[in-house]
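Participant: Sequence:
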Amino acid sequence: MWVYDKKTEYPINIKRPDPRMAKLILTQYGGPNGELAASLRYLSQRYAMPNKESKAILTDIGTEELAHFEMVGSMISQLVKDVPPQELERMGFGSVYAIHGKGVYPSDSNGVPFTAAYIESMSDPIANLNEDLAAEQKARATYEFLINMADDPDVIDPLRFLREREVVHYQRFGEALRIVYEAMRRKKMYYKPNVPLVGMADKKDMPDKKDMSDKMNIMPNPMNPNPVSPLNIHNIPGPIMPNTKPDSKKK
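Residue numbers (this note's numbering): 1 to 251.
The hints are simulated quantities; they were obtained by calculation from the structure and are not laboratory data.
Result set (BS3-like, lysine-lysine): computed pairs, CA atoms no more than 25 Å apart in a straight line:
1. Lys102 x Lys6
2. Lys102 x Lys7
3. Lys81 x Lys102
4. Lys81 x Lys15
5. Lys187 x Lys55
6. Lys81 x Lys6
7. Lys7 x Lys81
8. Lys52 x Lys187
9. Lys138 x Lys55
Based on the provided sequences and hints, a complete structural model is requested.
Facilitator: What follows is the structure, encoded as structure tokens:
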């Protein structure tokens, strides 16, 4: 449930139209690193968060991204307001005007429409939060690129505000990742390998010698550079595998 406040999070009051800049800023409206993608990503991923603290962080940031989506749309609208079609074409906005007029449409600066392929939402909270950290850095970099191409303080100031908020979001996602990791440590987790670890399995679970000789040929997991045992795939403590080479002393 949201309560709408009829004002933008940061004032948008652009006095000088600039269709060229409007087209560039479109990328943060419906582009891969834009505000629409960010809001949908976080508001969808919150359902995979394991506790109320991390879920609240994604809800807060996803909601704020909707406010930023409104800010970017307001900037684009004001930058093309009252500009005649000939001037729009001369300043590079003609391809947008030919399809949408002066309407604000969710696409990037090349006219590629928004797609849900820009975002990911899965049931793994760690994967989601790491994607979110990267997304915030991409958004920060994009705003810096836009600031570098702008020359109007009325445009630069809100872009700077949006950039600063991406930095804050990055820090909050780091906090959420820490919260999730701590929750996972507190939670009791059980691991039952498909193949019993030598010396750790119950006698009833121990295979006969013939079966064990086959299992000893299993290659070590490459993700575990220093395995205690070739069968130990998650750094689970266990004894070293016995020597399987034939005893040369025996005749």
